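Enquirer: Sequence:
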Amino acid sequence: MKKLTFLVVCTLLLSTLNAQQPMDFDKVVVPEGSRARTFEDYLVQLAWMNNPANKTFDEEIKIANEEVSIQKWKWTDDLDALFNYNESHFIQDFRPEVLGDTNPNTLFTIYPRFNLGARIKLSTLINNPKERRKAEHEVKIVKLERDQEKLAIRAKTLERYQSYLLSNEILLTRKQAEEDSYQTYLLIKEKFRRGDAELDDHNSASTSYYNAKEKFISAKSDVKVAVIQLEEMIGIPFADALKYGPKDKKKSSKNGSK
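The numbering of the sequence shown is this note's numbering, which starts it at 1 and goes up by one.
It is possible that some hints are incorrect.
Said to hold, decoys possible - Pairs of lysine to any residue, SDA-like flavour, derived with a Cα cap of 25 Å:
| id | residue 1 | residue 2 |
| --- | --- | --- |
| 1 | 156 | 167 |
| 2 | 220 | 158 |
| 3 | 150 | 169 |
| 4 | 140 | 61 |
| 5 | 243 | 233 |
| 6 | 175 | 187 |
| 7 | 150 | 221 |
| 8 | 134 | 153 |
| 9 | 156 | 63 |
| 10 | 140 | 63 |
| 11 | 150 | 163 |
| 12 | 189 | 167 |
| 13 | 134 | 206 |
| 14 | 150 | 135 |
| 15 | 156 | 225 |
| 16 | 156 | 210 |
| 17 | 156 | 222 |
| 18 | 213 | 58 |
| 19 | 55 | 167 |
| 20 | 27 | 60 |
| 21 | 243 | 163 |
What the hints contain is simulated information worked out from the structure, not anything from laboratory work. Please read all numbers here as calculations on a predicted model, not as lab measurements.
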């Protein structure tokens, strides 16, 4: 009993640790240049790569990084360099008889002749690190917005792909129903010709067939619309995605692509 309890506790702890792990956004959208393992991941990758609006995130990140670099050296704008060249000569003896004497032995020079210095505002030293951290936070915000967009792109792409799969399954069902109703119609028509069926039976079979045919045509249209909506996301013909993507889902997809 104690061993069982220990195993349960360990399982719960491992589950908690796994739940606390940060999301890997390389799994949400497979990076460009990497091979998607599933057909769904391939569609999401295409949707992200071929959406021009998503490339604005890369440009915004570049701008934000440039701002970090600017803020890193912004303090130099308030840095003042001081320079002084000292050529002041003082007379050692201020007696009247030596005033005006230019003999270098009776004069001396203040050293150092060159004075260098720098001055900067105290507020700059205090505020500049804050401005730099603010710019770094802007980079993080843009990256978070990009990750949020990845989640939205994945959800939207997979939703449209599922709509396509559903419309494809409905098409197959409608096709079978149309074929069955057509065979029934032909059978009743032949019986009616031989006098073995009433006019109402003939009309009922005819109506059922044309209703089934209408639903089949509507289902074909739904599949085409679903493909168009999916292609709007992935940016390439769906037939090309089936051709070049992973093989795992192609069998179920090809039925409706013919």
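Enquirer: Decide, hint by hint, whether the structure agrees.
Expert: Hints, one by one, checked against the model:
1. Of the pairs offered as hints, the one joining residue 156 and residue 167 holds, with about 17 Å between alpha carbons and a cut-off of 25 Å not exceeded.
2. Between the alpha carbons of residue 220 and residue 158 the distance comes to roughly 21 Å, so the proposed pair stays at or under 25 Å and holds.
3. Taking the CA atoms of residue 150 and residue 169, the gap is near 28 Å; set against the 25 Å cutoff, the hint is violated.
4. Only pairs whose Cα atoms come within 25 Å are accepted, and residue 140 paired with residue 61 is accepted, the gap being roughly 9 Å.
5. Taking the CA atoms of residue 243 and residue 233, the gap is about 17 Å. The hint holds against a cut of 25 Å.
6. Taking the CA atoms of residue 175 and residue 187, the gap is near 19 Å; set against the 25 Å cutoff, the hint holds.
7. For the proposed pair residue 150 and residue 221, the alpha carbon gap of about 30 Å is over 25 Å, so the pair is violated.
8. A threshold of 25 Å between alpha carbons decides the hint, and for residue 134 with residue 153 the separation of about 29 Å lies outside it, so the pair is violated.
9. Between residue 156 and residue 63, the direct Cα distance comes to roughly 28 Å. Violation of the 25 Å bound is thereby established for this hinted pair.
10. Under the criterion of a C-alpha separation no larger than 25 Å, the hint pairing residue 140 with residue 63 is consistent with the structure, at around 12 Å.
11. Our distance criterion of 25 Å between C-alpha atoms is met by residue 150 and residue 163, whose separation comes to about 20 Å.
12. Simply put, residue 189 and residue 167 have alpha-carbon atoms about 32 Å apart, too far for the 25 Å limit, and the pair is violated.
13. Only pairs whose Cα atoms come within 25 Å are accepted, and residue 134 paired with residue 206 is rejected, the gap being roughly 74 Å.
14. The hinted pair formed by residue 150 and residue 135 meets the criterion: a straight-line CA distance of about 23 Å does not exceed 25 Å.
15. Distance hint between residue 156 and residue 225 is fulfilled; the C-alpha atoms sit about 15 Å from each other, no more than 25 Å.
16. A distance of roughly 36 Å separates the Cα atoms of residue 156 and residue 210; the hinted pair therefore is violated under the 25 Å criterion.
17. At most 25 Å may separate the alpha-carbon atoms for a hinted pair to count; residue 156 and residue 222 meet this at roughly 18 Å.
18. Distance hint between residue 213 and residue 58 is unfulfilled; the C-alpha atoms sit about 50 Å from each other, more than 25 Å.
19. Pair hint residue 55 plus residue 167 does not hold up; C-alpha atoms about 32 Å apart against a cutoff of 25 Å.
20. Restraint check for residue 27 and residue 60: the C-alpha separation of about 23 Å stays at or below 25 Å, so the hint holds.
21. For the proposed pair residue 243 and residue 163, the alpha carbon gap of about 20 Å is at most 25 Å, so the pair holds.
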